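Using the sequences plus the hints, can you model the full thing?
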Amino acid sequence: MKVLAVQGSPKKKGNTALLLEHYLRGVEENHRNVEINRVFLQEKNIAPCTGCYTCIEKNSSCVIEDDMQELYGKIVEADLLIFATPVYWWSISAQLKTFVDRFCPLSVEEFQRQKVCSADDLWYGTTKYRPRDGGKYVQRDLGSL
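At position 73 of the sequence shown the residue is numbered 73 (full-length UniProt numbering), and the sequence of numbers has no breaks.
FYI, nobody ran anything at the bench for these hints, they're computed from the structure. Bear in mind the structure is a predicted one, so any value in this text is a computation, not a measurement. No incorrect hints appear here.
What follows is a set of in silico ranges between Cβ atoms, one per label pair, in the way DEER data are often shown:
| hint | residue 1 | residue 2 | range |
| --- | --- | --- | --- |
| 1 | Ser91 | Ser61 | 21 to 29 angstroms |
| 2 | Arg38 | Gln69 | 13 to 21 angstroms |
| 3 | Gly51 | Leu19 | 30 to 38 angstroms |
By construction, the Cβ of each residue, glycine as well, lies at the ideal position given by its N, Cα and C atoms.
So this is what it looks like as structure tokens:
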């Protein structure tokens, strides 16, 4: 199983990193043949989506040349995507939001045939809100995935 763990906090060794590492340790202990690829978004040069829709209209890759290009392949190869983020202003971090906004090229038909996800596949943990409230905000911010 290939896991892509995306840390959206600007702090490399903060609480988000600590919780993510504990979660990943559990994944390693409970699954055989796990390959975990960690991405610290703060160290990546990822520009915001410009909304040009070239990727969708031409069914092609994103025209922006930055570190996101290397991450597209890792996203497609992953059997499990894990997003770890602090809560800033009742939402995900700017780093994670910029990353997720660049998923437009992944909405093309080939990716959708490879990756099928339902609401049952979404698991989230929150330390900021009551459990029922946290899910509402996670679904709002990541719902289109």
